[in-house]
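So the sequences go chain by chain: F and B.
Under our numbering, read the first sequence as residues 1 to 307, first letter to last.
Under our numbering, read the second sequence as residues 308 to 612, first letter to last.
These are calculated hints, taken from the structure and not from any lab test.
Be careful, since some hints might not be right.
[To be verified] Distance windows between CB atoms, simulated:
#, chain 1, residue 1, chain 2, residue 2, range
1, F, Val162, B, Asp367, 35 to 43 Å
2, B, Gly438, F, Ser9, 21 to 29 Å
3, B, Val351, F, Val218, 47 to 55 Å
4, F, Leu129, B, Trp330, 35 to 43 Å
5, B, Gly438, F, Gln65, 52 to 60 Å
6, F, Thr48, B, Pro361, 42 to 50 Å
7, B, Gly438, F, Thr170, 25 to 33 Å
8, F, Glu199, B, Met342, 18 to 26 Å
9, B, Asp367, F, Gly71, 33 to 41 Å
10, F, Gly136, B, Ile355, 21 to 29 Å
[Claimed, not checked] Derived DSS-like pairs: lysine-lysine, alpha-carbon spacing no greater than 25 Å straight-line:
#, chain 1, residue 1, chain 2, residue 2
11, F, Lys124, F, Lys8
12, B, Lys331, F, Lys124
13, F, Lys222, F, Lys203
14, B, Lys339, F, Lys124
15, F, Lys203, F, Lys124
16, B, Lys331, B, Lys341
Since the model is a prediction, treat every value here as computed from it, not as a measurement.
Even glycine gets a Cβ: it sits at the ideal position worked out from N, Cα and C.
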Amino acid sequence: MLTYIIRKSFMAVPILIGIATITFLLNFVFVPGDPVRIAMGNHGDPATIEMIREEMGLNDPLYIQYGRFVGNIFRGDLGISYTTRRPVFEMIMERLPATAMLAVSSMVIAILLGVTAGIISAIKPNSILDYLFMTGAMIGVSMPVYWLGLILIVIFAVNLNVLPVGGYGTFAHLVLPAIALGVRQAAHIARMTRSSMLEVIDKDYIKTARAKGLSEKVVVIKHALRNALIPVITVIGTQLGYLLGGTVLTEVTFSWPGVGRMAIDAVNRRDFPLIQGTVLFLAAIFIVVNLLVDLSYGVLDPRIRYD
Amino acid sequence: MSSVNTEIEENINLPEAKVESPWKDAWRRLKKNKMAMIGLVIMVAVVIVAVFAPFIAPHDPFYSPVMEDGRTELSLIGPTWNYPFGTDRLGRDLFSRVVYGTRISLMVGIITQMIALSIGIPLGALAGYYGGWVDEIISYLINVFLAFPFILFAIAIMSVFQDPGIDKVFIALGIISWPGLARIVRGQVMALKEEEYIEAAKSLGANDARIIFLHVIPNCLAPIIVTVTLGVAGAILAEAGLSFLGLGAQPPTPSWGLMLSTGRAYLRSNPYMMWFPGLAIMITILGLNLFGDGLRDVLDPKMKD
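This is chain B alone, in the form it adopts within the complex (with noise of 0.2 Å):
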């Protein structure tokens, strides 16, 4: 008798075994995607540089042993091993001073994106949800910002402020990158407000917010993470450019676009000043990139572009 028990009970057992989460069904068609793993550990690499800069660079990124020790023989010397990069006009290493950049960029990146995400999901929600005049305003805003190409619309802000500077970079490219997350978000609570388990929500009493937040937004969370992955990419590549107009972060500030700006003076005499900046910037962004492109064939093969 038992034993005829368990052979039902394995039988049971047996199909829903097999059953697989859909994460970890994503992460196992992820594995298999070249691309998207070469992204995904240049990513971890360049958090790895970010996270342990102070154990990578050799120098003290703003130490000038120029301006502080009058070293002037230390000024503008190219790549050697005590110097890997070199060192520009005030001595500073330039290899400490990328290495550092990593920490820039990356919290331009992650501090834009949460910014865009408590604005856009919200937004997005709200305009789902309710539909209707709600709906009308937010979409017109969405299709307002979109319209706004990205980099003169973070120029045009950035113009306001008197002294600019890394944190107000954070404010502008924060406040502009919203509008993909928002669309995405709306157009998914419009789908999945009709499915029956929100009904089933609603009849048991749950209210709106919960039924968006716990029902209804962890449903669109995978096109949301490869919106942010390549927003990410968007706002470091944003910060650099503004950096090298001059309207980004200022000097010290060992930002990868502040730096090429630098080197832009020294093309001539001293061109290694700008290659690994840019090689810098180019590496992490084909990172985010390339991990961010594999993850939407892996999530969402039907969200290309």
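Chain F extracted, bound-state conformation (with noise of 0.2 Å):
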């Protein structure tokens, strides 16, 4: 299991370097313009623009610049924004836990509800509830998030005027962009878990379960839920990429000071070291997080061996 872990997690290290070197191409190759131009405005004499470029490396072979961003990625250091002179890691990390409340708490809700609804359609296939859940399901993979967004400002901040506009601090501001960006992956795990677990119910360990007298519920939670789990799992997995897309697009609805709406903000001044940080850091966390997935199956599902 361990070296299992170890040989995954250095399969990582391979698309990691990738997306590092599209960032990199991005940015260094295809940027028009002077960095510490840009970064210094139209003022800034000649003279101190060629000190600050000897400074950041900028200078130096492209190979070198390379060499040395890769290497620096390794160590935490995600280069100097160009706004605020400050390191994009420390800037990353100030906004992350805003960023990780947000997530978090959408994909408790996703969870919640689609498993509890995927579980339901699929005990009474072709029921009202199956067809209105699967209905639902079916539009919520379809909307916008921030389409949604807007729609529960109207009806809960704006008509009804229970829930903030927008913002960040109490638990009333998580409510409305947590539930935004969670509708979406419930959808998905709705109907994932649906499709799964009517495959499931069928075999035969689930009628030597029930002829053994077991309840209805132990059955369908011990026994279904469990061996239908590993492709909903999957599906979880897969939605944090769209997920943490979602979090931009949802900080910027609901004005929430997450690292999304940095990097916007970012993109809005050219400050390409932390447009370029933000972005490797989120790819980054979706990929831990599939090898985490990864990991997981062996958990839930003892067939499963690693050697």
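Two independent chains are provided; combine them into the complex using the hints.
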């Protein structure tokens, strides 16, 4: 098991280097103009600019810059922001709790809603509830998160005036963004739970469990759900990519001070190290979580052996 | 004698008449899939709106009575018979803009997928056909691109352009949409290249390109069509998202995402401004998803996520 974890983790390294390479190419090769000029605006005499260029290593050949860039990433150094002149990693860490809170609470909502709806639909397929849930899921999958966000704001903040329009600080601020972000994931999870449960529920061991006289609750939760869970976990893992993208959109919609909104502000200010750093950081989270998803299969399904 | 002959011929022809082409068979099964048919109807309706936009839209989507003729009374009016979805601050008819927005969204979907196809199919075919180090490199690229969250990747690319716009969105979304297609083609080519009819083509002297495009690709059309249908939906959603963030289409382009971004400033006074563009996005995506899902069930029951 341990060797499996280590091997899997090492396989993630070249992927991360690949993503780092893409961001490097995007920002250092394709961005027109001198980054130092961008950083300093139009002031600054040529001598100072030259000095800063030298300091930042921008006069080195491209392959040296690239090597340094990738090397620094693995030491947690994502460069210095052009606008604040502070380390990008530090800025991300400041914003991370807000994003993590939003992402985790929306995932909790998504799993609770999605798995429950999926189980109910699978127990009574083609019932009215099943039909309702699956239509809802289909609509949820097709709805842009930020549009749902705007609808929730109009209903609960503008018309009913029970929750804030946006911002950060109290539990009330978290409710709407977490729901807006969670619904789409819930819809995906519900669909996968339903089809996965339907596949399992006809199996012999479920019949055996029922024949033994176990209660329906035990059969469904302990015998069927546990076996149906693996594809569901996979969906949760792949949905995390959408979730990370979705946090950007949700944070902008609700003025939520997270990493995503910082990235968009960075784009508007053309602060490339900050854009690059946040994008890389979020992509790395995605890779790590997918790794964890991979590893969780073994815990959930003892049939899977790692050797 | 002749009657016996025709009898034999009839007997020979009989079983052949019952054989359906796989596409006909798929269509017959698709017609039975209610969800897919609803999706198809929605898709056809969306295409009709896009094609006949000038006949459907009652006003010029770019004409601003406020700016051009100083008719400030037409600014920000709610839905009326004359302006079914109301007007924006510049007095432009939102219904006409939503109608024309259909063209933008469909163009994003189609152009993006065309770029994705023209990168994904050759790369996937090369990797699957030649294997070895060619496959190693292409597979590595596929894995890296798939590990990059889609909308973040799009944001990273759009951030490079000093003047974002819908044309840049085509490029950005196109060059990140190919890996799924490449992976499908690669797998199919690998599976098919050992088949006897490929060997037969080879022994007849067909070159590799001819074998790939004439014999292998037609055999993986089903999963390609499914992936492209769902890819169009993904691209439309991504464009709307980028435009909502201000990184995609720029004013005065009637992009649905951009309209939502504008509407966000009027949630209190004129919430109707954000209802209709969002509804348009949702209906379009719903149609594509329903049809794509149905198509997947019909064409390839094994191919589920």
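Against the structure, the hints come out as follows:
| no. | hint | in the structure |
| --- | --- | --- |
| 1 | F:Val162 to B:Asp367: 35 to 43 Å | 41 Å, holds |
| 2 | B:Gly438 to F:Ser9: 21 to 29 Å | 27 Å, holds |
| 3 | B:Val351 to F:Val218: 47 to 55 Å | 49 Å, holds |
| 4 | F:Leu129 to B:Trp330: 35 to 43 Å | 37 Å, holds |
| 5 | B:Gly438 to F:Gln65: 52 to 60 Å | 35 Å, violated |
| 6 | F:Thr48 to B:Pro361: 42 to 50 Å | 56 Å, violated |
| 7 | B:Gly438 to F:Thr170: 25 to 33 Å | 58 Å, violated |
| 8 | F:Glu199 to B:Met342: 18 to 26 Å | 19 Å, holds |
| 9 | B:Asp367 to F:Gly71: 33 to 41 Å | 56 Å, violated |
| 10 | F:Gly136 to B:Ile355: 21 to 29 Å | 28 Å, holds |
| 11 | F:Lys124 to F:Lys8 | 40 Å, violated |
| 12 | B:Lys331 to F:Lys124 | 34 Å, violated |
| 13 | F:Lys222 to F:Lys203 | 14 Å, holds |
| 14 | B:Lys339 to F:Lys124 | 22 Å, holds |
| 15 | F:Lys203 to F:Lys124 | 16 Å, holds |
| 16 | B:Lys331 to B:Lys341 | 17 Å, holds |
Hint violations for this structure: numbers 5, 6, 7, 9, 11 and 12, all remaining hints satisfied.
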